[in-house]
Amino acid sequence: MSTPSDSSTAPVVSARDVGVALGGRPIVRGIDFEVRAGEVVALLGPNGSGKSTLVKAMVGLNPVSRGELTLFGESVQRFTQWPRLGYVPQRSTAAAGVPATVAEVVGGGRLSRRRPFRPARRTDRDAVRRALETVGLADRARQQVSTLSGGQQQRVLMARTLAGEPELLVLDEPNAGVDLASQEAIAATLSSLVDTGATIVVVLHELGPFAGLIQRTLRLNEGRLVYDGPALGSTSGEHGDDHHHPPTLPPLLLPSVRAPLDGGR
Amino acid sequence: MDILLSPFMLRALLAAAVTGLAAPAVGTYLVQRRLSLMGDGIGHVAVTGVALGLLTGTSPTLTAVIVAIAGALLIELIRSSGRATGDVALALLFYGGIAGGLLLVSLAGNGAFALQQYLFGSIATISTQEMLVSVALAAVVLVLSFALLPQLFSVANDEDYARTTGLSVKFYNVLISVLAAVTVSVAMRTVGLLLVSALMIIPVATAQQFSRGFRVTMLGAMAAGTIAALTGVSFSAFVDVPPGATIVLVSLAGFALTFPLGVVVQRRRRARIPFNVEANEVLTRANEPHGHVHGPGCGHQAVEHGDHVDYLHDGHRHAQHADHYDEH
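So the protein sequences, as listed, match chains B and F. Quick note, the numbering used here runs 2 ahead of the 1-based positions in the first sequence. One point on numbering: in the numbering used here, the residue at position 276 of the second sequence is 266, and numbering is uninterrupted.
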């Protein structure tokens, strides 16, 4: 692996004046931050604030239109150290066309460490088994993915990334549409990774079960960084502004006003 | 039975067998990517390729492979650039391919009859050389489909994630397209260009009724495809109809016959998935008088639920508790 010699001191993620434009429309605008090894950082912000767009740029899925974004000291546009990076996408509800077992999907996480035309080795199979044990789905390895609950499917995506044994984990809304038990399982998995020195960047809508884990939050609004500091949810007690209140009025009495960015992504 | 042992029939059966193996292998990836109609698109484009061969007096197989690959790359280019949705891109190629083929064949003068062998298959006219080319091409398709299965599966399953593991998504997408184009050219003498896609898709649909995994689906589809191709070609020899029609009808019959069984298998499998254990479950006593004792072989499906077993009873989940049953 081509590890730069100064990797112990270089930031794991470094963003300097980073802008991301999708279809010519600037979504993320001039963001600066650094994430050091071992940090656990939450990216917060309302819908349409650019959190997902930013993390997708971090893992090379969105083009960086301005500034410089580096992972492990290497620009994301020319990134090659794939085994060090682990991305957990937002779970898509669309089932694939052909059935696949849990073990087959999780095995995809090993491909950053496997060469084409080489069969899976014992280390690959062991990594898949350990990853499934970590997320508590070891007994489901041969089950069809689409028969699992939403929360379990999110844990499968988590296991897939863990199977690659990454140093940096980037998670995009791991709690979206996930039952509380699975949210807690995911949070527990992450905290065991933190103990092993992993660096974690996680997009969240609300801190929820992650509150005890997050050391620092970055808050985005309208594509700009508006807050960078200690986790608000954990310091200001239970009542931060990181969660939604369920409507207390009967639905008919709710004002029919929509924010312009509602549902926009 | 003599007809089955004649040299032309042996060639036809061998060509059918390799087609039956290769077409569903590639088809599994196409179904996974929700591009079931891609085989049709490429097949239609290959019509132009065959017509080009007939017009210029070169081998139609060669021109079909070249034009089919070009068409497949064009489909992939249009799809990945997002300028038109995949199915509009396919539709455009359908029309262009057929119209182009018709035009070129009419110019060639020998027209419809020569083309028909390629459209619906023709076992009697397969030469030894063509058979060998088919076997070689099918072997390449099969080796690549299996050797690169983890990579091709990952890209077809979740393109974005595959990219973050360092896979060249573009390369693997192009590879699938090229494999599909080569398969179409292999299959055109047996099932024919207009029906080749059926042999890529129907066996996959048959296999996935019973399978839980991707690799198992692919192997099952290859078995179903081979059986259909061999049976269909044999039928076609006896009743003298184009093999494309019989192969596809045998395939469809296989799907139709296994469908009721598939429904039962899936229901049983789904019913057996263990129930999740919730932290604070509300337990209620089964309120109707329960004259029946649940146990192994009682006729009610037993399903794991944490440390005990629930029995599915008229849509309820019954768990034994002392002398009565609880609703879980």
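Since the hints were derived computationally from the structure, they do not count as laboratory data. Note that the Cβ used here is the ideal one computed from N, Cα and C, for glycine as well. Do not take every clue at face value.
[Claimed, not checked] Sample of chain B residues with no beta-carbon within 10 Å of chain F, all distances over it, derived:
hint	residue
1	P48
2	K58
3	E76
4	D128
5	Q145
6	Q217
[What the hints assert, rightly or not] With beta-carbon atoms standing in for the labels, derived distance ranges:
hint	chain 1	residue 1	chain 2	residue 2	range
7	F	Q256	B	A140	49 to 55 Å
8	F	E294	B	P121	42 to 48 Å
9	B	E224	F	S71	58 to 64 Å
10	B	G40	F	L251	20 to 26 Å
11	B	P121	F	R275	52 to 58 Å
12	F	A292	B	G231	50 to 56 Å
13	B	P65	F	V133	33 to 39 Å
14	B	N223	F	L242	27 to 33 Å
15	F	A81	B	G32	40 to 46 Å
16	F	H311	B	L182	40 to 46 Å
17	B	G32	F	T274	55 to 61 Å
18	F	Q256	B	T82	40 to 46 Å
19	F	E294	B	D34	27 to 33 Å
Tell me, which hint numbers fail for this structure?
2, 5, 7, 8, 9, 10, 14, 16 and 19
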